[in-house]
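Build out the structure end to end from the sequences listed, making use of the hints.
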Amino acid sequence: MFNYTFQWRQALQKLPQLFDGALVTLQIALLSMVMGILLAVILAVARNSKSKLIYAPATVWVEVARNTPALFQIYMAHFGLGSFGIHLSPFVALLAGITFNNAGYLAETFRGALRAIPDTQTRSARSLGMRPLQAFRLIVMPQMFRIAFLPTTNQMVWAILMTSLGVTVGMNTDLAGVTQDINVRSFRTFEIFTLAAVFYYFIAKAVTIGARLIAWRMFRY
Amino acid sequence: MFDTGLNLNDLMFLAKGAGMTLAVTAFAVTGGTLMGLFFGVLRAHISTWAALPIIFVLDIFRSVPLLIQLVLANAFQAIAGLNMPPFATSCVVLALYTSAYCTEIVRGAIDAVPMVTRRAARSLGLSWGQDMTQIVFPMALRVALPSWIGLTLGVLKDSSLVLWLGIIELLRASQILVTRLQEPMFILMVTGVIYFALSFPIARLGSQLEKRWREND
Amino acid sequence: MIEIKDVRKSFGPLEVLKGIDLTVQKGEVVSVIGGSGSGKSTLLTCINGLEQISHGSILVDGIEVHAKSTDLNKLRRNIGIVFQQFNSFPHLTVLENVTLAPRKVLGMSREQAEEIAVKHLTHVGLAEKLLVYPGRLSGGQQQRMAIARALAMSPAYMLFDEVTSALDPQLVGEVLDTLKLLADEGMTMICVTHEMGFARDVSDRVAFFHQGVMAEIAPSKQFFDAPQHAETQKFLSSVR
Amino acid sequence: MIEIKDVRKSFGPLEVLKGIDLTVQKGEVVSVIGGSGSGKSTLLTCINGLEQISHGSILVDGIEVHAKSTDLNKLRRNIGIVFQQFNSFPHLTVLENVTLAPRKVLGMSREQAEEIAVKHLTHVGLAEKLLVYPGRLSGGQQQRMAIARALAMSPAYMLFDEVTSALDPQLVGEVLDTLKLLADEGMTMICVTHEMGFARDVSDRVAFFHQGVMAEIAPSKQFFDAPQHAETQKFLSSVR
Amino acid sequence: DKLDDIMASGTLRCAVVLDFPPMGSRDADNNPIGFDVDYCNDLAAALGVEAEIVETPFPDRIPALVSGRVDVGVASTSDTLERARTAGFTIPYFAFTNVVLTREDAGVEDFDGLKGKTVGSVGGTFEGIALEDNVKEWGEGSFRPYQSQADVFLALSQGQIDATVVTSTVAGSIVASGKYPGLTIKGDAPYAIDYVGLIALRNEYGLLNYLDLFINQQTRTGRYQELYGKWVGGDAPDLTVPNVYR
Ligand SMILES: Nc1ncnc2c1ncn2[C@@H]1O[C@H](COP(=O)(O)OP(=O)(O)OP(=O)(O)O)[C@@H](O)[C@H]1O
Ligand SMILES: Nc1ncnc2c1ncn2[C@@H]1O[C@H](COP(=O)(O)OP(=O)(O)OP(=O)(O)O)[C@@H](O)[C@H]1O
Ligand SMILES: [Mg+2]
Ligand SMILES: [Mg+2]
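Residue numbers (this note's numbering), protein chains in the order written: chain A, 1 to 221; chain B, 1 to 217; chain C, 1 to 240; chain D, 1 to 240; chain E, 1 to 246.
Because the hints were derived from the structure by calculation, they are not lab data.
For glycine and all other residues, C-beta sits at the position ideal for the given N, C-alpha and C.
Errors might be hidden in some of the hints.
Said to hold, decoys possible - One-sided excerpt, in silico: chain B residues whose CB lies under 10 Å from chain C:
(1) ALA26
(2) THR30
(3) ARG122
(4) TRP128
(5) PRO138
Unchecked claim - In silico SDA-like links for lysine to any residue, alpha-carbon gap of 25 Å or less:
(6) C/LYS104 to B/ARG118
(7) D/LYS129 to A/LEU150
(8) C/LYS18 to C/GLY56
(9) D/LYS180 to D/GLU3
(10) B/LYS211 to A/GLY112
(11) C/LYS104 to B/TRP213
(12) A/LYS205 to B/MET115
(13) E/LYS136 to A/LYS50
(14) C/LYS74 to B/ARG118
(15) C/LYS104 to B/PHE56
(16) C/LYS104 to B/ILE79
(17) A/LYS50 to D/GLU3
(18) A/LYS52 to D/GLN52
(19) D/LYS119 to A/LEU138
(20) C/LYS104 to B/MET132
(21) E/LYS136 to A/PHE145
(22) E/LYS2 to B/ILE79
(23) B/LYS16 to E/ALA28
(24) D/LYS104 to A/GLN10
(25) C/LYS74 to B/LEU72
(26) B/LYS16 to E/ARG13
(27) A/LYS50 to D/LYS129
(28) C/LYS74 to B/PRO114
(29) D/LYS104 to A/LYS50
(30) D/LYS129 to A/GLN121
(31) A/LYS205 to B/LEU72
(32) A/LYS50 to A/THR173
(33) A/LYS205 to B/TRP49
(34) C/LYS104 to C/HIS66
(35) D/LYS129 to A/ARG66
(36) D/LYS74 to A/TRP216
(37) B/LYS211 to C/LEU92
(38) E/LYS136 to A/PHE136
(39) E/LYS179 to A/ILE86
(40) C/LYS74 to B/MET132
Printed below as a string of structure tokens:
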């Protein structure tokens, strides 16, 4: 049945390159999450705003992020913006695309979490003399993060998987980019992509387990 | 209104791409849901230990980028001489990918059916199969539907990755047009609108159904 | 006749029933009382084969419930059971809730099943709620519907597991009235209950469970007026 | 001194407060009773500026609460308020709950804030729970913590909005005792409550709200012994 | 064997890259056209079967072949030794020279001018690999591999990259098309001639033999020059390497 001889040795020689790629992947995912979370908090609050001027753009962002493919968003960040003369390098385009996507999804998660926090929490905080931002930062946000923690972890895994789309905009230093680079030179597609899959799997697992540990340390209430 | 080289012919080309996107999605979601139902029911009825192999395998589909899965599957079927057209490969991979998520949805929904309700059904003399079809599935469906709709929408979007195997779906069709017409922003916007137009009705249908059912409670 | 002979039942290391013997005659009403976790619910679910037993035997009309050869689905038609927690099928109307089993299990036509269902629903006072979904019913109405649903299978026996425990106090009465009605009509019943008044007035015999053992069983007047066992006395004084 | 002058408040078309006049002197304890939706909670949240008012004015120590120029954050430090539900910040320990505002709002050092917090927590009987998260506390303990948290800001006034309504009956007492203690120490308080015994024993005056109007206000003994208004009589007879 | 299979089935399935003008592209009706398309048609005619063009992106050429989705790759595949470990190559059926393609405003005058610039090319192609290695060697500037030739030109015309090294045929066709105003060719790249072969399964000697002979015949009969004239223009490049067999 197999008209093909597996050449694992050849693929295994590339492990160090793949490892470097994995670090870049992790770096993009982390950066996009940090920025995505910041933006998502703003979007979530904006989505609860009564002012159309604030509500509308936030809603457009969230809807576009959630209703178009991530690949489309990344392609748009590179070539779409490129046609306006805004040149994002593959790294930045990938980062922007994933951040845009993260922010859109997380905004909805956070909005749900915000709704789950009773109004009296803010009222209590304000009654103690806290300013609106203080009340939000010290009282509402920590609770919001706890409620949203699990979905946020899932989004982090998504972000890692999404980095693989960078190859479509010329990204060649992340895990998928390195993999593809090795692939087109040797045509040993199966072996090299299997290794990449293993790498992704372990990164995803490491993040999930890491998140569990953090949750366990942080949310002791 | 717009000064564009995009003509009716090209719009048809995009529509054909959208049709391909829908076809892939339909196959993937149908297959994935059937598999998800099977594994989900199995998961709900055997112990976590016994289910460990299933959990592990399905987890892989959720922890490896779809792009990698597609390339790997394509390479594998090539090596194994299965002679599958890219369309079939794409559908199989997407279906497995869907089933990985669907299994969790199904299991969660079945677990959400109170034990006492199932016992009541069995006490009336309903067989296990009757219990599943008459009581558990209808009740679980309500719990599962919102997540399932979300999953379907996700697959619709993720199906764009099958362009990697040379399938001309919506996004690939738009790239071809971009190559020919050199109007990336405009064509991509049109593509985005089409994606929106595809997913919006599904989302609406879901919330409509949810609302209808909620009226009964 | 239900014959329970030296029934033992363990969940893992925990022995929940430690050798129960009880025979319930046709037409008899037996109430079972006892503290939480004493094994009352477990016994009921063993009787209709929802739970396996570890030792002993249970015979219903001479058929051994836990024998391999027994057709449990057939046996269960003959034993109605109503649980403490609301167990209506929320996706079906009241009428559909009641007709489902007669149609699917007994193979009745829709008309036939509906006729019987309406009869029983009228009996329990729900004639006006036929096309309503259970979500719209009060807890008491849901329990009465569950009773009608069980009755629609024309069972020879009815098992009730604290059917009023989850109800608001003002709803308890309507459900107990329904049970009393059934008892008066000569239904063979085992009622696990916390309602001492009901146990005293309606049942022929009362059994007291304590830590998996049937510590005492006696005709109801005698049981309440002169409890023998020390634990029974303690229990009765605590609930009065 | 809190001076409430012809205060009206509407939510959209619904007028919830229809001209309330009330002056609370330093050291006075005023209880407010009334049916659900009569506007009691709304009045309290107007007093510390959490809600806007549509008409009239509220002065606290001579400062107009709803004037544009008023620094509400500063004003609120002077007015403690405890709500019926969800008062504790679940992500902070009891000690952190109490020290947070003194540190962030008053700019105290951690040590200083903790010293004050421990004092007040001891006062309300929670000295042993300093490092526990509120989720581990009973409802009554949570409410007492909320009181300590408000006290830690050294307010001149305390507003209580049915602080015992969400509690199991056996926990009500411990919270009321804390309130009584405060009253005895001379704190100026407005207590919305359903506990008639408390209103009678602890408050100097009792006000009855009915559909957005303060139908009656009188010294507590007189209020309960000889209610003037027909609605008051009706209300009192319904809760007794 | 494969050769028999093709004749028996009556269709020859060719993997062709369709965003690589003039070798392969799509006309206004989005139908495939180009040198490789015609070449495949000729091959099918020689075999007496129908031709079927299977669009195949560059990176998918080998999987398509190994999977049996296509019989032959007529897809400008450079015959590197690393690839020959996996796929079977014929004698060259075409030869590319590479040129520097850049924007007029990018300030690149010749190949040496690429030093320090952001350059890009299709990842994994002969010139792509060479350019990437150059950039690494220079230690300044950066290289971006795109997944298709179209993306490279798009990136170049948008200014995302300053220049690319690309086969002269493609560069000529792109500049001539006028679709990308401002693009211009600035001299040759000092790379060895990029010989490309047809590809087939490594162990299908019968087919590979046939293909070698077919290529030889195309040249002999002048069809090669004819097609070159049609799609590229001018004199077709010499397909032989001096001083060595094959
Ligand atoms: N499926 C099960 N697995 C393990 N233990 C169980 C299971 N069902 C019941 N038990 C245990 O068996 C014991 C008896 O339970 P049972 O429900 O029969 O008590 P009960 O007398 O009905 O109490 P209650 O008045 O609270 O309903 C309890 O300790 C319970 O925890
Ligand atoms: N934010 C709001 N928006 C609209 N209506 C409101 C709002 N807050 C309160 N109301 C309405 O104002 C009226 C008075 O509410 P309020 O909470 O002051 O009553 P209450 O006397 O405290 O009743 P309870 O004893 O139930 O707490 C009610 O009809 C309520 O529905
Ligand atoms: Mg029980
Ligand atoms: Mg209130």
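Q.
Would the hint linking B/LYS211 and C/LEU92 be met if the CA-CA limit is 25 Å?
A. holds (16 Å)
Q: Quickly compare the C-alpha distance for C/LYS74 and B/PRO114 to 25 Å and report which way the hint goes.
A: holds (24 Å)
Q: Could you grab the alpha-carbon distance between C/LYS74 and B/MET132 and see if it respects the 25 Å cut-off?
A: holds (18 Å)
Q | Restraint check for D/LYS119 with A/LEU138, where alpha carbons must lie at most 25 Å apart | A | With Cα atoms ~23 Å apart, D/LYS119 and A/LEU138 stay inside 25 Å; holds.
Q: Take the C-alpha atoms of C/LYS104 and B/ILE79, compute the straight-line distance between them, and say whether it is at most 25 Å.
A: violated (51 Å)
Q.
Does A/TRP216 sit within 25 Å of D/LYS74, going by the straight-line distance between their CA atoms?
A. violated (38 Å)
Q: Would you check the hint for C/LYS74 and B/LEU72, treating anything up to 25 Å between C-alpha atoms as holding?
A: violated (52 Å)
Q) Do the alpha carbons of E/LYS2 and B/ILE79 lie within 25 Å of each other, as the hint requires? A) holds (16 Å)
(Q) Holds or violated: the hint that B/THR30 contacts chain C, with Cβ atoms closer than 10 Å. (A) violated (23 Å)
Q. Does A/LYS50 lie within 25 Å of E/LYS136 when you go C-alpha to C-alpha?
A. violated (54 Å)
Q. Is C/LYS104 within 25 Å of B/ARG118, Cα to Cα?
A. OK: C/LYS104 and B/ARG118 at ~15 Å, within 25 Å.
Q) Does E/ARG13 lie within 25 Å of B/LYS16 when you go C-alpha to C-alpha? A) At roughly 23 Å apart (the allowed maximum being 25 Å), E/ARG13 and B/LYS16 satisfy the hint.
Hints 1, 2, 7, 12, 13, 15, 16, 17, 21, 24, 25, 27, 29, 32, 35, 36, 38, counting from the list given before, are not met by this structure.
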